[in-house]
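> Residue 263 in the numbering used here sits at position 263 of the sequence shown; the count goes up by one each step and never skips.
Where hints are given, some of them may not hold.
As the list claims (entries may be wrong) - For lysine-lysine, the following DSS-like pairs were computed, each having C-alpha atoms within a straight-line distance of at most 27 Å:
1) Lys97 / Lys321
2) Lys91 / Lys31
3) Lys195 / Lys290
4) Lys69 / Lys321
5) Lys133 / Lys91
6) Lys195 / Lys28
7) Lys294 / Lys72
8) Lys133 / Lys83
9) Lys31 / Lys294
10) Lys366 / Lys283
11) Lys133 / Lys72
12) Lys28 / Lys97
13) Lys353 / Lys133
14) Lys246 / Lys290
15) Lys280 / Lys69
16) Lys353 / Lys280
17) Lys283 / Lys367
Unchecked claim - Here are the in silico distance ranges between beta carbons for each label pair:
18) Glu297 / Lys83: 28 to 34 Å
19) Glu242 / Glu338: 24 to 30 Å
20) Gly164 / Gly281: 30 to 36 Å
Just so you know, these hints were derived from the structure itself, not from any lab.
Backbone N, C-alpha and C fix where the C-beta goes; we use that ideal spot for every residue, glycine too.
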Amino acid sequence: MRRTLCWVLILGLLISLGMFGCEKKEDKGIKIGVSLPLTGEVASYGIRAQRGIEIGLEEINSNAGINGKKVKIIFEDDKNDPKTGVSIITKFAIVDKLPAIIGSAGSTVTLAMVPVANQNRVVLLSPISSSVKLTTEGGDYFFRVCPADDAQAKILAQWVLEKGYQQVALVYTNNSWGKPLGESFQRHFEEGGGKVIIAEGVEERTTDLRTQLAKIRAANVNIVVSPTYPVEGGNLLRQAKEMRIKAEFYGGDNWDAPEFLTAAGDAADGAFFVDPAEPKGDKFFAFTKKYRAKYGEEPDINAAFGYDAFLAVIEAMKKAKTSDGPSIQQALYGVSFEGASGKIEFDENGDLKTPVFDRNVIRDGKKVNIGK
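Required output: the full structure, derived from the provided sequences and hints.
In structure tokens, the structure reads:
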């Protein structure tokens with residue numbers, strides 16, 4: 001009996017060892033970190049970019065992922081706060097050891113995240129951050145699928161000059177996004193023969209812009225160019241109307257946001273702004289169909305940027321045939337595909353090679369495209 005029991009125990013041990021020896025390691029798949037503002041003043045940008053990423057994720061995983069490995073996204077809310085963004089990317093890069101991160105939306109947040117990405121040699125690819133400073137300060141590991149602001153500033157300056165205006169007032173959000181954009185506009189405008197009569201910076205989340213508007217009235221300028229965040233821009237227009245200031249207002253891509261229309265109310269009607277060209281290709285129509293079916297609404301350009309940012313990382317991972325940051329970074333320079341937002345190709349600074357913009361006006365509370 002004892003001998004039988006002994007053999008049973010030995011057999012059980014051997015089976016147990018055999019089972020553990022043959023056990024497959026759990027396939028954890030490929031993880032990509034995403035840092036976006038999902039709450040706060042510019043949450044609409046982050047939420048739509050997130051939804052675009054989710055559409056891309058479903059497509060990739062329904063087609064066997066990357067080399068048979070499923071892709072997993074870790075979403076974090078940076079609240080459009082630089083300190084929060086730094087904490088998130090530090091965790092992604094050092095604790096989670098992720099080789100590629102998508103983020104953020106606000107340029108101030110992305111600029112704060114860039115040093116961590118470069119120090120740890122992980123890719124940081126932004127769907128929406130457009131600051132001029134990211135071209136020069138983004139470093140080797142920064143890329144973006146949205147146009148850089150210098151291109152936007154040039155288009156805006158050309159538009160104002162084409163309409164015959166030689167003198168303007170400039171009001172910009174006084175941060176690392178708005179100030180460089182305002183400076184770029186002024187440079188292009190004055191190179192074209194125009195003159196900025198007055199330039200005023202406003203702090204983020206400013207609700208009272210009457211002081212700046214009073215200076216504009218005193219300077220007797222009736223053309224105002226205002227690269228501001230949606231809420232500041234909306235408040236500027238609403239308060240100008242309340243003060244009975246007769247002027248034409250020109251803004252940048254941040255005015256293409258629900259928060260701008262909410263803040264401005266009916267004062268938004270007649271406002272002009274430029275933003276990245278609305279996509280019209282087959283890729284965008286296919287993306288729109290999926291987005292509409294999943295979320296019950298039409299996608300905007302930020303959703304398309306989110307989708308393309310994700311696909312750019314995936315394409316680079318496929319090209320690199322590995323998942324380390326330096327290999328993905330090198331592969332991104334060779335990425336070329338037709339995305340939902342347009343052609344995705346990167347130059348030596350990680351910027352889009354061929355950005356295209358639309359000119360728009362607000363009529364009856366809605367954006368109307370009036371050309372390129």
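> Out of the numbered hints, which ones does the structure contradict?
Hints 3, 6, 11, 14, 15 and 19 are the ones this structure does not satisfy, whereas the remaining hints hold.
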